[in-house]
Amino acid sequence: MRGGRPIQIGVGALMLSGCVTARMHSPEELNVVANACGLALGQVAQDEEEKRLLFVMQDKPTPPQRACVHHWARRNHLNAVFIEGVEFTQ
32 MRGGRPIQIG VGALMLSGCV TARMHSPEEL NVVANACGLA LGQVAQDEEE
82 KRLLFVMQDK PTPPQRACVH HWARRNHLNA VFIEGVEFTQ
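Per my numbering, the sequence shown runs over residues 32 to 121.
What the hints contain is simulated information worked out from the structure, not anything from laboratory work.
Ideal Cβ positions, reconstructed from N, Cα and C, are used throughout, including at glycine.
Treat the hints with caution; some may be incorrect.
Calculated pairs, SDA-like style, for lysine to any residue (alpha carbon to alpha carbon, straight line, at most 25 Å) [unchecked claim]:
#: 1; residue 1: K82; residue 2: V63
#: 2; residue 1: K82; residue 2: H101
#: 3; residue 1: K82; residue 2: E60
Restraint ranges, calculated between C-beta atoms of paired labels, are given here [to be verified]:
#: 4; residue 1: P95; residue 2: Q121; range: 15 to 21 Å
#: 5; residue 1: T120; residue 2: A71; range: 34 to 40 Å
#: 6; residue 1: A98; residue 2: Q121; range: 15 to 21 Å
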């Protein structure tokens with residue numbers, strides 16, 4: 032079998048990529064993402080208890096903003112969560 036070895040290596044790499052754990056990104060890194068995606072500083076955050084989630088707090092983010100954050104999150108093994116509106120009750 033000629034092409035078996037490259038396929039085995041590719042499958043092994045894919046299996047290992049599923050084991051990557053998310054890391055906490057610094058506020059500076061998250062602000063760079065926010066700035067690059069057209070969001071205000073502080074609108075992109077991570078929670079220490081749920082490191083795999085990248086929270087975006089923006090009222091009605093545009094499709095390009097959503098795509099930008101989603102792309103960065105995927106590259107960094109995170110899931111983007113968009114919080115579009117918060118109502119505070121007393």
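Practice prompt. Run the structure past the numbered hints and jot down the numbers of the failing ones, going up.
Written response: Failing hints, ascending: 4, 5, 6.
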